[in-house]
Amino acid sequence: NAGVTQTPKFQVLKTGQSMTLQCAQDMNHNSMYWYRQDPGMGLRLIYYSASEGTTDKGEVPNGYNVSRLNKREFSLRLESAAPSQTSVYFCASSELPGSGNTIYFGEGSWLTVV
Amino acid sequence: AQSVSQHNHHVILSEAASLELGCNYSYGGTVNLFWYVQYPGQHLQLLLKYFSGDPLVKGIKGFEAEFIKSKFSFNLRKPSVQWSDTAEYFCAVKSSGDKLTFGTGTRLAVRP
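So the protein sequences, as listed, match chains A and B.
Under the numbering used here, the residues of the first sequence are numbered 5 to 118, in order.
Under the numbering used here, the residues of the second sequence are numbered 71 to 182, in order.
Worth flagging that the hints you see were computed from the coordinates, not collected in a lab.
Glycine is no exception: its CB is placed at the ideal position from the N, C-alpha and C atoms.
Don't take every hint at face value.
As the list claims (entries may be wrong) - Sample of chain A residues facing chain B (criterion: CB under 7 angstroms; computed from the structure):
hint, residue
1, Met-23
2, Gly-44
3, Gly-46
4, Leu-49
5, Ile-107
6, Trp-114
Starting from the given sequences, assemble the full structure and let the hints guide the process.
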């Protein structure tokens, strides 16, 4: 019973490099999300996808792109990494858009940009 | 836009002490409210949630929270904390659309 799975768990990038964080959920959820967590700032929504084929910007989308490959998978791409993107990234999913359903989180991806 | 405030950034308690963590939100309409916990090095886990009905909700591990609509508050309580409750606690609110907005978190340290 995997839930939400993210890869990689740890990554170090040089400024300007690109990378993709992968996320998959096995709960048949419609909605998926990417958050970043920074000390003293809580979790901030980067992008979300209410259903397969749709994506929307969250609170802090600049410097990121996303792809909702299918219902299971939602990837986050950093095209040209910057030190300000050093953070812990969490993928999450929930059953239905616009509802009160619980959001389930992955275990996080620790990204350092040097 | 909705926002969530957690006024206690760091709380230190001794075991068996009572806990109350404050959470206030700003949104005038119908809200769904959540408390999540993050143990050191782990991902967020749901403690409890309020959608409707009884404003006093009970969650896992002896936690409870009370929704006071007039005060726009959803404070988390536990009568007697344990060392294993050491974690960071996040209040969150979901209103329109499907976005979940988090507070900045409260770090709780429980001394054995």
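Outcome of the hint check:
| no. | hint | verdict |
| --- | --- | --- |
| 1 | Met-23 | violated (20 angstroms) |
| 2 | Gly-44 | holds (6 angstroms) |
| 3 | Gly-46 | holds (4 angstroms) |
| 4 | Leu-49 | holds (6 angstroms) |
| 5 | Ile-107 | holds (5 angstroms) |
| 6 | Trp-114 | violated (10 angstroms) |
The structure shown violates the earlier hints numbered 1 and 6.
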